[in-house]
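There are 6 protein chains.
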Amino acid sequence: MRFDEAYSGNVFIKSHPSYEESKVVIYGMPMDWTVSYRPGSRFGPARIREVSIGIEEYSPYLDKDLNDLKYFDAGDIPLPFGNAQKSLDLIEEYLDGLLADGKFPLGMGGEHLVTWPVIKAMYKKYPDLAIIHMDAHTDLRENYEGEPLSHSTPIRKAADLIGPQNIYSFGIRSGMKEEFEWAKEVGMHLFKFDVHKPLQEILPTLAGRPVYVTIDIDVLDPAHAPGTGTVDAGGITSRELLASIHEIAHSDVRVVGADLVEVAPIYDHSEQTVNTASKLLREMLLGFVK
Amino acid sequence: MRFDEAYSGNVFIKSHPSYEESKVVIYGMPMDWTVSYRPGSRFGPARIREVSIGIEEYSPYLDKDLNDLKYFDAGDIPLPFGNAQKSLDLIEEYLDGLLADGKFPLGMGGEHLVTWPVIKAMYKKYPDLAIIHMDAHTDLRENYEGEPLSHSTPIRKAADLIGPQNIYSFGIRSGMKEEFEWAKEVGMHLFKFDVHKPLQEILPTLAGRPVYVTIDIDVLDPAHAPGTGTVDAGGITSRELLASIHEIAHSDVRVVGADLVEVAPIYDHSEQTVNTASKLLREMLLGFVK
Amino acid sequence: MRFDEAYSGNVFIKSHPSYEESKVVIYGMPMDWTVSYRPGSRFGPARIREVSIGIEEYSPYLDKDLNDLKYFDAGDIPLPFGNAQKSLDLIEEYLDGLLADGKFPLGMGGEHLVTWPVIKAMYKKYPDLAIIHMDAHTDLRENYEGEPLSHSTPIRKAADLIGPQNIYSFGIRSGMKEEFEWAKEVGMHLFKFDVHKPLQEILPTLAGRPVYVTIDIDVLDPAHAPGTGTVDAGGITSRELLASIHEIAHSDVRVVGADLVEVAPIYDHSEQTVNTASKLLREMLLGFVK
Amino acid sequence: MRFDEAYSGNVFIKSHPSYEESKVVIYGMPMDWTVSYRPGSRFGPARIREVSIGIEEYSPYLDKDLNDLKYFDAGDIPLPFGNAQKSLDLIEEYLDGLLADGKFPLGMGGEHLVTWPVIKAMYKKYPDLAIIHMDAHTDLRENYEGEPLSHSTPIRKAADLIGPQNIYSFGIRSGMKEEFEWAKEVGMHLFKFDVHKPLQEILPTLAGRPVYVTIDIDVLDPAHAPGTGTVDAGGITSRELLASIHEIAHSDVRVVGADLVEVAPIYDHSEQTVNTASKLLREMLLGFVK
Amino acid sequence: MRFDEAYSGNVFIKSHPSYEESKVVIYGMPMDWTVSYRPGSRFGPARIREVSIGIEEYSPYLDKDLNDLKYFDAGDIPLPFGNAQKSLDLIEEYLDGLLADGKFPLGMGGEHLVTWPVIKAMYKKYPDLAIIHMDAHTDLRENYEGEPLSHSTPIRKAADLIGPQNIYSFGIRSGMKEEFEWAKEVGMHLFKFDVHKPLQEILPTLAGRPVYVTIDIDVLDPAHAPGTGTVDAGGITSRELLASIHEIAHSDVRVVGADLVEVAPIYDHSEQTVNTASKLLREMLLGFVK
Amino acid sequence: MRFDEAYSGNVFIKSHPSYEESKVVIYGMPMDWTVSYRPGSRFGPARIREVSIGIEEYSPYLDKDLNDLKYFDAGDIPLPFGNAQKSLDLIEEYLDGLLADGKFPLGMGGEHLVTWPVIKAMYKKYPDLAIIHMDAHTDLRENYEGEPLSHSTPIRKAADLIGPQNIYSFGIRSGMKEEFEWAKEVGMHLFKFDVHKPLQEILPTLAGRPVYVTIDIDVLDPAHAPGTGTVDAGGITSRELLASIHEIAHSDVRVVGADLVEVAPIYDHSEQTVNTASKLLREMLLGFVK
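Going down the list, the protein sequences come from chains U, G, Z, F, B and S. All residue numbers for the first sequence refer to my numbering, where the first residue is 1 and numbers rise by one. All residue numbers for the second sequence refer to my numbering, where the first residue is 1 and numbers rise by one. All residue numbers for the third sequence refer to my numbering, where the first residue is 1 and numbers rise by one. All residue numbers for the fourth sequence refer to my numbering, where the first residue is 1 and numbers rise by one. All residue numbers for the fifth sequence refer to my numbering, where the first residue is 1 and numbers rise by one. All residue numbers for the sixth sequence refer to my numbering, where the first residue is 1 and numbers rise by one.
With the rest of the complex left out, here is chain U:
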């Protein structure tokens, strides 16, 4: 590097300089204002980018290399602090743009509510969309203490929009009784505790379908992801999550977009969670984009 070159740090490792030439766009959604417990996921995307410099570009799992894929890290979408509705509108508009340009969207949260406007945009483009959702929590509330815009509601909103029978939730280990009952009644596919095994059974039924994959990092056990807002014991290992991503990669579903949310660096005292997130993103890039 010559010292008079422009410095452009803090993008995900190997980000391609050209938006036009890139197949994938990585973007951050730094919003955490509706969380009921520990805030801080607004800083997730920035820290994931920073530590991405430490991961290898090659995946020994998939035998693929980041150098063989063109993706553009567009940075964080600027969102107004404390204004949930406006933030969600901005995200939807942003996604509309990306999809109009034919890009594969790979988002980083932020709280899980950011997935809601993304799904709205995806659904406009893919009317037969299915959602694969990995999470510790059902996220099926209609509102949280009266507030419809809450990090506990995105999957409910998605179910209402695209139909509950098109939602596949995995690894769920926490929620209100009413949420579990509602899921059952309306025919949502909700798998408790495990991810990899039920996923193996489900994937063949989704062959050929356009699928959006949303991963809440807290699907991992707190041992594997302490850096998140709500830690809940009894989760899966990072090995199982990696295997689940690879299972999707090797399946016949057509992944059309994905996100990884709820990484909160302030609780991540050894940078374990942000490094894990960074590795997961590499596997999602190499495994989901074809």
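It is possible that some hints are incorrect.
Chain copies aren't distinguished; within one or between two, either way the pair holds.
Unchecked claim - Simulated crosslink set (DSBU-like; lysine-lysine; CA at most 30 Å straight-line):
| # | residue 1 | residue 2 |
| --- | --- | --- |
| 1 | Lys23 | Lys177 |
| 2 | Lys14 | Lys184 |
| 3 | Lys86 | Lys120 |
| 4 | Lys184 | Lys290 |
| 5 | Lys64 | Lys14 |
| 6 | Lys197 | Lys64 |
Simulated from the structure, these hints should not be mistaken for laboratory data.
Starting from the known structure of chain U, arrange chains G, Z, F, B and S on it as the hints suggest.
Quick look at chains G, Z, F, B and S alone, frame taken from chain U:
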């Protein structure tokens, strides 16, 4: 304690059981959703209460004892996550109630924006209200990136309401050029860097006036208060802040309410800031209430 | 909440206000003065209560809800710092009272030695008592460097009182050679390393027996419970511990009391351990009380 | 170093190998079982020794060098966990031995109660002993919640033994009303808030007297010593404490022993407090021993 | 302990005082200057020794006791900061000495590059040496950004020296594509992701061979070892690593030396990793030395 | 921001996009391999940049604004891990380039040794160069345990090059006896403990002289800068350091370059030190560049 008595932990030490008999009401305002930097002050009031069990009830500074004052810790006002306007409305309504009952309000933040509805309520009762404001930041913005409800705006709103000449800011060491210029133009009293000395000069001019005291913990140097959202070098020591509180206590102003805001426990790795906040509240109780 | 209502924070979530109407009493035993390594478990009960506000009231494992059970959180038993004998006497007296009133005792430590006086009280009421003990450590020493009152001795004392053949230890991975040999000689049931599997074999043999369950949080691997005094690699996962609790819940043993000890918040940098403890208590409440 | 030499790590830097030839003996008193708040000072001496390798041997304040003084670090006195009375007896016996051999005792705590048996031993040898006590707290209680052996009582016990008029306390900023009143009544010399200035006035009156200096690290502001059990805002800076030690060093009092207590590494997240303690010990060695 | 005995703290628990009589020599290699990511492993050996006081001397896995083996902890080899070549030369020379005296070398890193000079020394004595290597990373680079002395290169150097067919790597989950390809081409034995299972298959083929075992602590998942320079999700559990050590212990290979490297205490917020390392060393001592 | 614009995060706030048009060049020197104590300052520049987004652009101290100055943040100079000599050569070469282009160099360390090649380059251009050096440590060793390239030697090297009478050190509170003696003998200007006061006296004597200002963050007390390799009690406050920078800004010396070194984020648990460093850089930019 007999084991069949109701347990009522987590109130400020020596809180009196009766609201009716108490002169002062302590309450928390656990809101942090408009902050532009590090969130987390929503947990301030709860942690301050917990560690209050470790402070002595006697002040060797004021030679007074908490046992000689009746105050009631009412807990936290329940506020809707991520909804700023509604939160502020609830706080104002709450204060209206307290003031109607003749109570001295002693609030704990939360972000500094919570002071805005409190001042609105105070001003309805005390039309000649003056404000003593200790802070690292001017908090004089009209809006923050377009958003009028922001933690950078409360003092500006207060100035617009009660008149800038009734605002006395101390210890300010950070702000936009425009904020400092505006303060000068409109005749606000803004003292940079120091608190105790300018306060000594100002207090006699406020003798007899009803005064609301709002203290942002970040007026302290980060060495003395690491547990806050925005750390800014060059602040005052805890000794100077204690001396400033005592200066007010010994003056002829009539303190009619006060708050201490922006304590964020997650960044307070040795519990230093919450302990300091707890001690400051003791001195505010013993020094401000007559 | 009206602001003039008494505030009663810091009890375990959904604690019932009436001792008389409650079936279960939750209580803390904040003692840590005989530990040979890292102290700090005295703060365990208080922190577990605080974070309990973050757990769901419903268990998707047991399909039960905290709202369907009446339990009363009586707070911490006040214990004299540094005086082990007096502390243990106070705990025993306290338990005598609870048992006389027909309550199900659910205790939170504190160091493991607090279980000793509880067992003394239980044994007076249930002469055919058996103990299920999950722990990383044997806790079978007669004394620790000459001191008979030590956190390394409670299970030995229990064995001497109720007979070693009535003690069932699981998950043990640390102890002196002499402790393991003693256990073998006297016919204690000591299972190394694993919990769930040997428990499945043992439970049928205990059908109908009154059983006290004592869980040292360090039976978990440090990955799952860093917040404890003695971290020891090679432990079980939180999934296995949850499954073990559920195994007992679905068995025919008659659980008559239980505790969870050695949670030390100061080493729990992401609040992972206290949250896990909080969830375990929910499962113990819903699974053990019938 | 040849690899077959015995390794003797973890002594205070430049500790002399021979007890016999040494003028001073450094020793740890790793006890913290009577503290009412945060335990952990039992690990203070060990950590202070470890980081001592990082300090320079030369004091630019005193223009003296550790290489010119012979002192022997004897390690920690082995104390029985949780047994206060026995621990204190062991310390007194240990000190009797040191004083019989004509050594200058330089102790490291441990909680402040460890100073009590040291003073008992010192007083047997020096009947005209005076005590210089630097602390945030009065430590003048007769008992703590009924317990006479508590970290809140050592100076009271000392006053009762050697006469309150021989106790000089500095920097005190916390205590019960009764403690301050008692000190006044019985003629103890108690100086609030400041150390250096009142010390300058007092030292000439103590010229020639044998003096024991006991420093509780919490006399420092939490900004300067977060790593201690009880943090209390409004303390002195490390510069003032260093100046105070040097003031004594340059005075005509005859220091006959000293200690530094209440360093608790677990709360000392940047190792600031243990490093400061290490430097203070260097200055005490070079300044107090003549 | 009498107070006039020499204190020799900070050696691994139960270290024998005599080098001559000891079969094994434990030594630290506190070097971390070529790491490309987070430095700090230079402090690994010292912290592992300190916490070793907390482990039991008996292994319930192997039914052996440290008291039945003589080993001498020689402390850290003094290495010049920032000078990689000189440091490596010093380590090789040190090992030559140990091996000439017939000692079993058990080293603690430090970064993984320290293993390179150890292997050079071992190979001089054992020309038919095989290496068992457990690690997250291939460590097979020829150089790192042009620098041949890097923590990414030791296994490559070893392969070039003793022949790639004599290197057995386990648990590998990270590396450049070229490294994996090279390993394949030259006939190195590289097993991805798992350790225990492939080890079971390989060990019989190594029966009777002299084997050096080098364990990079990051073969463990970050959940089990956050305190290391490079955390990488998807690793093995501490149970699997313990089982792997025991598998070797029970096999017919002839372990002639071993090391455990890359423990970095600064990232190890609950002392979990150093405690785990301490336990692993106990198992290596009891399992590898015959 | 449109999503297809190139993202260029992680530069110091308000960095100008054009090297050519900029008067000042900011650059990082991420080297920490010769430090004898705690490494980690290699990450200083990156973290300072990141948090710079949180500082105001306006200085109320100097009444100047970053928007009125053009500076270009060139990122970090890529340096080879563990190779000190090569790193220093690269830095010197880099500076030669900057100075040839007429830029004002503003560097961020890294360890203090990085200042040595900068001074070599500066001296080639300014033969009458004087150095203002603020530091806790003398940094005057000829070598450190035999190694001439050490973080303890840069000022000695500078003195040998430009003449000791041209070196002005302030705030020094640590060093070997020989270093202080050498400074005295050769006529270096070394001021112990204080910075602002002696600086006020010295500055007039340097009027018109080209001056390089090098600030080691550890000149601050650990209370004000815990995030550094070597914490040493008795330092100055951040207020005194700010005042010292302003004193230089208002003087008649001609600052021709400056640096701020030894910021180590890993020990900076509340991000206090990196935020302070960011503010100091703003004041250095606005105060030193004319």
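So, going through the hints one by one against the coordinates:
1. Lys23 with Lys177: between (42 Å within a copy, 23 Å between copies)
2. Lys14 with Lys184: between (43 Å within a copy, 26 Å between copies)
3. Lys86 with Lys120: Classified as both: same-chain Cα gap 15 Å, cross-chain 27 Å, threshold 30 Å.
4. Lys184 with Lys290: The answer is between: 27 Å across copies meets 30 Å, while 34 Å in one copy does not.
5. Lys64 with Lys14: For Lys64 and Lys14, the Cα distance is within 30 Å only inside one copy (14 Å; across copies 38 Å).
6. Lys197 with Lys64: This pair counts as both: shortest intra-copy Cα distance 24 Å, inter-copy 25 Å.
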